[in-house]
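**Q** Please work from the sequences and hints to get the whole structure.
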Amino acid sequence: MKWQVYPYYFEGLEKQLERIHEKKRELDKKRPIPSYVLKSIKDSLSIEWTYNSNSIEGNTLTLQETKMVIEDGFTIKGKSLREHFEVVNHQEAIEFVESLASNEYVLNKLDILSIHHLVLQKIEKDFAGKYRTSGVRISGANFVPPNALKVDEFVSELIDFANDSEVDILIRSAIFHHRFAWIHPFFDGNGRTARLLLNLILMKSGFPPAIILKNDRKKYYDALNQANNQDYSKLVLLILQAVERTLDIYLGNLNNTYDQYQSITDIVNEPDVPYGQEYVSLLARKGKIDAFKEGRNWLTTKDAVLDYIENRDRKRVLKKEAED
1 MKWQVYPYYF EGLEKQLERI HEKKRELDKK RPIPSYVLKS IKDSLSIEWT YNSNSIEGNT
61 LTLQETKMVI EDGFTIKGKS LREHFEVVNH QEAIEFVESL ASNEYVLNKL DILSIHHLVL
121 QKIEKDFAGK YRTSGVRISG ANFVPPNALK VDEFVSELID FANDSEVDIL IRSAIFHHRF
181 AWIHPFFDGN GRTARLLLNL ILMKSGFPPA IILKNDRKKY YDALNQANNQ DYSKLVLLIL
241 QAVERTLDIY LGNLNNTYDQ YQSITDIVNE PDVPYGQEYV SLLARKGKID AFKEGRNWLT
301 TKDAVLDYIE NRDRKRVLKK EAED
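Oh and the sequence shown: position 82 is 82 in UniProt numbering, straight run, nothing missing.
Mixed in with the good hints, there may be bad ones.
[Said to hold, decoys possible] Computed cross-link-like contacts, DSS-like style, restricted to lysine-lysine with a CA-CA straight-line distance of at most 30 Å: (1) K42 with K109; (2) K219 with K30; (3) K42 with K30; (4) K29 with K39; (5) K219 with K288; (6) K15 with K219; (7) K214 with K77; (8) K79 with K109; (9) K30 with K67.
Just so you know, the hints here were simulated from the structure itself, not pulled from any lab data.
**A** In structure tokens:
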């Protein structure tokens, strides 16, 4: 089966890709990052990554409880043993992914199975690191995963796509993520493994991990279902926003500029910002301005909004000149 790259374009895609790659170049210029700074950022993001990825799959531990389990080994009263093991498993899987990520790394089948084994090792030992051997159905999904006999072949072809495709790495990681979820190679742990592999592909190219937030769970599943219908635009946008958010966190900590980002509510109250909160929020959701999400709130900068206005006005002038 030769993988076809389905449409993924949305308005503003080129600008967002350019902005993200520029931030990546800015981050590269700051390498090597001081070890104490790098450890602080990575530790914080890995807890957030584990919390959100597990929460998407139904784990009820809060972010703070997840932190306590990882850092202190605490047992949280009222939470199941399985939920605790899911946290420990995922954290160990992140550490393994981080150990693999380098420019020279080539994705392979053994590492995929090893990552899945870590995800399920203390909760589903019989299925950990093993492909499914029968058909499955996914509640709420608009497709049926392929026959189990095809899984190994499809995964091999997807690995070739990840390693050899000339598609932009950001687009490629999003496509890989959907295709892996579509193949659904395992009885359990497919989502967490797919997100770990998404980030292995990004991290080996020097990007920080893309963390799909629990609050975006519905949007995430809707984007995957739309990709099942051969349209990747929503999934690509969601993953680009996730990558840009973590780039902003890295750069903000390194440049001490993280505090420049404000809530949209505060920015639209500035006298020289002509837009309302709803419109600026729409621009953020569509990736048309530099913005990222914290919890349920979008954060951006006043400069990002004013740059959008300036570029919009410039396009109108050029269009009018062309018409004249």
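**Q** Given the hint that K29 pairs with K39, test it: the Cα-Cα distance must not exceed 30 Å.
**A** holds, 18 Å
**Q** Between K79 and K109, does the CA-CA distance stay at or below 30 Å?
**A** Distance of about 34 Å is beyond 30 Å: violated.
**Q** Does K42 pair with K30 here, judged by a C-alpha cut-off of 30 Å?
**A** This hinted pair holds, its Cα atoms lying about 16 Å apart.
**Q** Between K15 and K219, is the straight-line Cα distance small enough, at 30 Å or below?
**A** Holds, at about 22 Å.
**Q** Would you check the hint for K219 and K288, treating anything up to 30 Å between C-alpha atoms as holding?
**A** Between K219 and K288 the Cα gap is close to 18 Å, so the pair holds against 30 Å.
**Q** K219 and K30: Cα distance at most 30 Å?
**A** violated, 34 Å
**Q** Would you mind confirming whether the straight-line C-alpha gap from K42 to K109 stays at or under 30 Å?
**A** holds, 26 Å
**Q** With a cut-off of 30 Å on the C-alpha distance, tell me whether K214 and K77 pass.
**A** holds, 22 Å
**Q** When you check the alpha-carbon spacing of K30 and K67, does it fall within 30 Å?
**A** Since the Cα atoms of K30 and K67 sit roughly 28 Å apart, the hinted pair holds (cutoff 30 Å).
Hint check: violations occur at hints 2 and 8; the rest are consistent with the structure.
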